[in-house]
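Add chain B to chain A, keeping to what the hints say.
In order, the protein sequences belong to chains A and B.
Read in order, the letters of the first sequence are residues 1 to 672 in this note's numbering.
Read in order, the letters of the second sequence are residues 673 to 1344 in this note's numbering.
Please keep in mind that the hints were generated in silico from the structure rather than gathered at the bench.
Don't take every hint at face value.
Stated by the list, open to error - With a straight-line cut-off of 30 Å between C-alpha atoms, the simulated BS3-like cross-links for lysine-lysine are:
hint: 1; chain 1: B; residue 1: Lys764; chain 2: B; residue 2: Lys849
hint: 2; chain 1: A; residue 1: Lys577; chain 2: B; residue 2: Lys1249
hint: 3; chain 1: B; residue 1: Lys769; chain 2: B; residue 2: Lys972
hint: 4; chain 1: A; residue 1: Lys92; chain 2: A; residue 2: Lys320
hint: 5; chain 1: B; residue 1: Lys849; chain 2: A; residue 2: Lys177
hint: 6; chain 1: A; residue 1: Lys177; chain 2: A; residue 2: Lys92
What the hints assert, rightly or not - Label pairs and their calculated CB-CB ranges:
hint: 7; chain 1: B; residue 1: Pro1303; chain 2: A; residue 2: Asp628; range: 32 to 42 Å
hint: 8; chain 1: A; residue 1: Gln667; chain 2: B; residue 2: Pro1184; range: 28 to 38 Å
hint: 9; chain 1: A; residue 1: Ala66; chain 2: B; residue 2: Thr894; range: 12 to 22 Å
Quick reminder that beta carbons are idealized off the backbone N, C-alpha and C, glycines included.
2 protein chains.
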Amino acid sequence: MLVPLTLLALAAAASQDRVAPPDPRHTLMPVPASLTWGEGRLRLDTAFTVTIGSPSRDGRLARGVARFRERLGRATGLLMGRGKSGLAVQVKGPGEKVQSPAEDESYVLEVRSSGATLEAATTVGALRGLETVLQLVEADSTGWWIPAVRIADQPRFAWRGLLIDVGRHWEPPEAIKRQLDGMAAVKLNVFHWHLSEDQGFRVESRRFPRLQGEGSDSLFYTQEQIREIVAYARDRGIRVVPEFDMPGHSTAWFVGYPRYASAPGPYAIERRFGVFAPTFDPTREETYRFLDGFVAEMAKLFPDRYWHIGGDEVEGSQWKSSSRIRSFMRAHRLADNAALQAWFNRRLSAILTRHGRRMVGWDEILHPALPRTTVVQSWRGRDALGRSVREGYSGILSAGYYIDQMQSAESHYLVDPIPDGSALTAEGAARVLGGEACMWGEHITPETIDSRIWPRLAAIAERLWSPREVRDVADMYRRLEAMRIRLEALGLGHEAHTPRMARRIANGNDAPALLRTLQLSEPVHFGERSRLQQLTQLTPLVYAVDAARPDPPAQWRFRALVTDALRPGPTSASSLKALTDAFAAWPDLAPAVDSLGTEAPLARDALPAARALGRLGAIGAEALAQLDRGPAPPEWARARLVALDSLERPQGLLRLSVVSAVRALVQGVAAR
Amino acid sequence: MLVPLTLLALAAAASQDRVAPPDPRHTLMPVPASLTWGEGRLRLDTAFTVTIGSPSRDGRLARGVARFRERLGRATGLLMGRGKSGLAVQVKGPGEKVQSPAEDESYVLEVRSSGATLEAATTVGALRGLETVLQLVEADSTGWWIPAVRIADQPRFAWRGLLIDVGRHWEPPEAIKRQLDGMAAVKLNVFHWHLSEDQGFRVESRRFPRLQGEGSDSLFYTQEQIREIVAYARDRGIRVVPEFDMPGHSTAWFVGYPRYASAPGPYAIERRFGVFAPTFDPTREETYRFLDGFVAEMAKLFPDRYWHIGGDEVEGSQWKSSSRIRSFMRAHRLADNAALQAWFNRRLSAILTRHGRRMVGWDEILHPALPRTTVVQSWRGRDALGRSVREGYSGILSAGYYIDQMQSAESHYLVDPIPDGSALTAEGAARVLGGEACMWGEHITPETIDSRIWPRLAAIAERLWSPREVRDVADMYRRLEAMRIRLEALGLGHEAHTPRMARRIANGNDAPALLRTLQLSEPVHFGERSRLQQLTQLTPLVYAVDAARPDPPAQWRFRALVTDALRPGPTSASSLKALTDAFAAWPDLAPAVDSLGTEAPLARDALPAARALGRLGAIGAEALAQLDRGPAPPEWARARLVALDSLERPQGLLRLSVVSAVRALVQGVAAR
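Next comes chain A alone, as it looks inside the complex (with noise of 0.2 Å):
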């Protein structure tokens, strides 16, 4: 799925919103639906205790009340339990034995200097309310302690979940367990698990081995991994909900079974990337009954009701050039590939029926014949998401979701399923459940993938759950600060990511300069780089481009040193200060790096940045001085802004991050 979106249009549409005034007081995120704070505040040491009020026979409340305990601890040092009052928690039941999207996640927690309550209908919800506890911790000379606040929260949508496709790049069961922690800690409930593509096919299969044993370069999870992934992630009240992408982007299943595909074959793993010609063989019995065996096996692992077929950019070459199929379709009356298709989709769903399984897939399922418990998944845009709803179907957002883009949480962040000002109807906005950030695999490898996700997709997360009107960019970014090391307590390594991969791109030697060239920069975007790097699945990930994390601290924290220093008050002063030194040191890391010399090769890929850094860094300091002298001439902001622009483009394959921050800085200056 390589067609970016027009996320521009989007976010330009979604500004017209009302904004809820931001609470400097708490870090929370996602923000709850309502809070009110309190007086006084609960001590948090050693004889803090956690009870359960309601004994349940579901052991994950226990699990889940251990696992607090242990964070509240680490965060803190401190050994608790010691004493007898401190949180009692209190559910009315479990919750659903196999949870939906009609699982209750509220939750009420009340915070006195006597103790604190949290109550929910079901476990789930109060997994969601010892998330928004941890992260109400404070400390200062008293000790730890917790404010006093009265929260009742629930999600705004139903289905808030995460994409990683491990068909490009396999993601071993430890990254993607990483990944579930994570998306427990921001309240998110789905993982869509994108378990089959053109490249790998990853789930271990008994009934036909061929599937992993010839289409999985031995990258796949065993059944017993399966289990435990999808037990991991119900004790953290997530939903794993498995895709098998068909009719298309199929090619690892026909390694081993090239019967089902729409030509004879032999076929071997893909190993480019983009949208090729095998396809599942529509008009063969034999199809149906392989796929009815595979789903019968493939449902006793995934206990989810949704059940996600994929569906999505089918080529349909092999198709058109079958004269078999094509006087298959003439008999049936298919007047082209697209209708084949939905044959094929009305086939799978009942099966899927069959085994007890709603059908899940991507727009280009959307069909007439289809059964209207089907939900289309939209990737293409909003306006695809509104036909679906309108025409009947469950909608999930994806368009604008799409992580593995390279840009912006801001960008993210403003895309609203359901605006203010949307025009679908009450029905039609019932039917949207929710939205789907996507982490395609093509840009990603096990030690990349927490810096590509995290932490922005804290922000998506947030649009997903939080009211509508809680979009402050800057007060999300605000809080993002503190999210991006609670989610690295949790193990997630995208705080590391950079240093990291810095010093072997560096090969050994310490290299502040390249490092600060990384962390002032981000990955071009995805059709970018897939325009200028030629990549396989077999190409080593270890460049410039892959060391840099995509919005990184230094976009937003450039970006409110701007705002702090043109707007008078107590802190301007150190922020002019922190511009000043950052702008005079940028003209020098692209010598610096020029010196790791040609024994660091990897290294010379961050030149092109570092030297853009230094004329960036001129301008900025510029600015400053400009700032000094007072009102600027129009010609004088012009030029500069026309400098900027060169700036913002790709300097190889990184993009610099701090652009938007200096450009803000220089039509401060002329606006004066």
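Chain B alone, transformed into the frame defined by chain A:
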């Protein structure tokens, strides 16, 4: 095993050994047995290909070569393998079915500009050689290459191990696999897995499920995970020797099976650390029936022919206070607890023999009643090792290799199992199988273990592999600089550790002064921490002392800077400048750490070290000033050295790691 070692005495005895001149042209670690440079270089480009000349039925070699290719690709960013020549790997055979200390690990590597050959008797030898090849890779303006060289290499000792204690603190499978990757990189070949302790029993037994069911807090390895880790280790030429410590250190066994203890119980998992009363009952037949059944089950999981029974630190009070056990001792003429333990060990040895296993145990098991096939692991000192081998037992040295002590790589590096001038006969020396580093588990968690093991373990690995004469400390540290990054590239977290924990300790604030303080510090020694801090198994290990690394790079880098500054040469001016800048910066650390304020309570633990660094910086600056002024009066140095003595003491739970560098500077200035 709490008794700290008389390391200094060992090191002093060893220091009379001959030292081979270092070769600055390589960063190999361990240094090979013989190396001859050739002319020219072998180019690494996309054409470079690895071929296996000897198709062997052992898939290990193919998998090892696949890993090699991937790591080479990740080091260089090149997708290789498109040509026909490069490295040809040839083995005579796969090696032993179950690897033993007799496995041939030798290899011969020849690199010419036209191609390279790696020949070995076994797959294990080839794996060792592949690690050497990766360490030879270099780059310059011509691109990536390997220098022409001939290396004929084999280990000095057959048993080169790492013990990891997962009893006191659990380590998940992925943490273990990371250590195995690191071990293979430095050519270690025994993973000694300390699987049971007073604080936890860590293996799934299906025959006796209450062992893990009640003795592990649900933190144990399933049999499937054990098999996977044993296979993972074998793939890397590493044996897995399980240790089930008995008759002492065994509280966790008795939680589920109190009837095998020497006193009635009930028992609970021990949370404190130390030596405790619960001890197997050696007087009952049912104890041996139980152990026979247990060994039978476990022997299926652990194919290694060696089996560690522990046998250390039997506390003895349960034996002394039981009239039944005392009368058993009288009846069997067992004079004391040691004799009773020997009785137990003899029975255990017979059980192990029946299951095809050779017994290994700690010093305390040494007793004339034991068969000479027993292997004694010496933790009490080299004298104990000498006694064992003189009496005809095989021996392994661990005294001097206790990495939980938080001492320097140097201190371990200079401990030699058979130093030059050893009093052992040739026969006795031949019974010294090798050595093992011990990572005891009191003070480690999954989060900290990498930083406690690496990179120091590489120095011990070199001691056990390389010729005795390889013992130049400065050169070892020079090569360790390269190793630490190579080990990080394998996924080990030692380098990322301190920055990551510093971010959390600073409560998410950017805190360069806290980070710098931690990087210039190290944890106090094991015994010091045990005295200064009340710790149990449940205490969170998230303090400044856990964030600092033992023997951090700052230690050896500052020593090298001082050496360089004092010895006129091309870089001495820049080294002087680096020292001047550092000393000037240290007095600013304490105010900056202090300014983190009460919102980051855990950061306050670093204040004493930060303040001490201020004082140390002042002494350093004074010494540099004195350097300009010419010869210093003797009382000048004497006063400074006294001050340095006090700065060498623990500062809270931290110790400054840069005192030795300043001491060398003061001494150098005084000696002018």
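Taking the earlier hints as the rules, which of them does this structure contradict? When the structure is compared with the hints, numbers 4, 7 turn out to be violated.
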